[in-house]
Structure formats: C-alpha cells, structure tokens
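FYI, in the working numbering the residues of the sequence shown are 29 to 94.
Calculated from the structure, these hints are not laboratory results.
Take these hints with a grain of salt, some might be off.
In silico EDC-like pairs for lysine to aspartate or glutamate, Cα to Cα no more than 20 Å straight-line [what the hints assert, rightly or not]: (1) 32 to 58; (2) 39 to 79; (3) 32 to 79; (4) 39 to 71.
Because the structure is a prediction, the values reported are computed rather than measured.
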Amino acid sequence: MTTKVTLDMEKCCGYGICAEICPSVFKLDDQGFVYVDSNVVPEGEVDAAQEAADACPELVIDLHTS
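Using the sequences plus the hints, can you model the full thing?
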C-alpha cells in the first residue's frame with residue numbers, strides 16, 4: 029500500500045508543527061509554510077506523518093492510502 033499526502037496550502041498558517049514531528053516528509057519554505065518534496069510517504073514514516081497531520085491546528089494535511 030502507498031500512503032500519499034495532500035496539502036491545502038491556502039489554509040497553512042506556518043505553525044511548523046508538522047515539520048517538527050516528521051521532518052523527513054514535511055518541509056518549511058522560506059516563509060515558514062509547509063511543502064513536501066514528494067507526495068508519497070515512505071513506509072517507515074507513515075505513523076509520524078499521521079501524527080503530524082493530526083497535530084496540524086489548521087487541518088491542512090490529509091493522508092490517504094491506496
């Protein structure tokens with residue numbers, strides 16, 4: 029199974045919690061807003077990515093498995 033990330037960039041307020049919890053998946057740009065290098069979450073990072081998504085105050089991050 030593959031887990032993918034979808035970000036709602038319009039809602040991101042730049043808290044950076046996601047990047048603190050799962051820096052291998054979530055990055056912050058020069059203005060402090062989240063982005064990902066790849067929308068595919070590595071197998072060993074799925075739990076941390078889900079924790080980061082759950083911790084987002086603006087609910088910007090959505091993970092889905094296919």
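Fill in: Violated hints - listed by number, lowest first
1, 4
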